[in-house]
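Here the protein sequences line up with chains A and B, keeping their order.
Each residue of the first sequence is one higher than the last, beginning at 4 in the working numbering.
Each residue of the second sequence is one higher than the last, beginning at 7 in the working numbering.
Just to be clear, a hint being listed does not mean it is correct.
Only some residues are given here: those of chain B computed to face chain A with a beta carbon under 10 Å [said to hold, decoys possible]: (1) H41; (2) G48; (3) K49; (4) W53; (5) I54; (6) A67; (7) Y101; (8) G105; (9) G106; (10) L108; (11) F109; (12) D110.
Label pairs and their calculated CB-CB ranges [as the list claims (entries may be wrong)]: (13) A81/B with A16/A: 42 to 50 Å; (14) S80/A with D36/B: 37 to 45 Å; (15) S96/A with Q114/B: 24 to 32 Å; (16) T13/A with G22/B: 34 to 42 Å; (17) S80/A with N90/B: 48 to 56 Å; (18) D84/A with A8/B: 16 to 24 Å; (19) E109/A with R91/B: 33 to 41 Å; (20) N90/B with E109/A: 33 to 41 Å; (21) D53/A with W117/B: 29 to 37 Å; (22) N90/B with S17/A: 44 to 52 Å; (23) T93/B with D4/A: 19 to 27 Å.
Calculated directly from the structure, the hints in this document are not laboratory data.
The structure presented is a predicted model; accordingly, all values stated were derived computationally and were not measured.
Don't be surprised by glycine CBs; every beta carbon is placed ideally from N, CA and C.
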Amino acid sequence: DIQMTQSPSTLSASVGDRVTITCRASESIDRWLAWYQHRPGKAPHLLIYDVSTLESGVPSRFSGSGFGTEFTLTISSLQPDDFATYFCQQYSSYSPYTFGQGTRLE
Amino acid sequence: EAQLVESGGGLVQSGGALRLSCAASGLNIDNDWMHWVRQIPGKGMMWISRINRDGSRTSYADSVKGRFTISRDNAKSMVYLEMNRLTVEDTAVYYCGRGGNLFDPWGQGVWVTVSS
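Start from the sequences and build out the full structure, keeping to the hints where you can.
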């Protein structure tokens with residue numbers, strides 16, 4: 004299985020801050036990486052796919068980059084709604100799909 | 007509003023069984039792969055199973071293969087996960103999700119607690 008490792012596991016920040024979350028794959032996944040936002044008790048929400056393509060309706064303060072094994076999610080200026088957990092997912096291999104363990108933004 | 011809603015979770019003893027349901031409303035899932043994903047408390051998401059649009063193709067994570075069965079009823083816009091021989095390691099929040107390789111949307115999840 005392709006292992007996905009996220010860092011940090013918790014990130015403390017304030018409204019207006021620029022934050023970056025990293026996701027590393029145990030082998031190359033090309034550009035087959037997505038990011039999700041998950042608020043407690045809510046359905047996870049697709050933010051970004053193919054490393055850097057924003058899902059419709061996602062604010063432009065979210066951006067993604069990377070290739071191969073190292074990827075980042077950046078939020079350029081944190082808004083109150085952005086405090087949530089973020090996790091990555093690889094879909095280079097569907098047997099199985101694998102996820103990062105999540106980064107809680109507080 | 008387009009959404010997926012899971013149900014059927016609860017408390018069950020080790021060795022027992024549960025059937026989870028995922029109801030789609032406001033969206034047509036007939037032509038989509040559907041998935042089940044779970045999250046053990048304090049851990050990341052783990053993909054469990056998927057089923058193609060007509061139910062002819064399914065696949066499972068190794069940890070549930072032979073114990074869990076995914077199925078669907080497109081006429082009812084429903085997807086199911088039959089879980090047998092449950093163990094305490096199956097305790098988690100279970101989510102359904104729509105998609106090929108991406109999961110969009112997801113449901114809010116349903117708790118499954120397996121007691122020893």
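Could you tell me which of the hints above the structure violates, numbers in ascending order? Of the numbered hints given earlier, the structure breaks none, since each of them holds.
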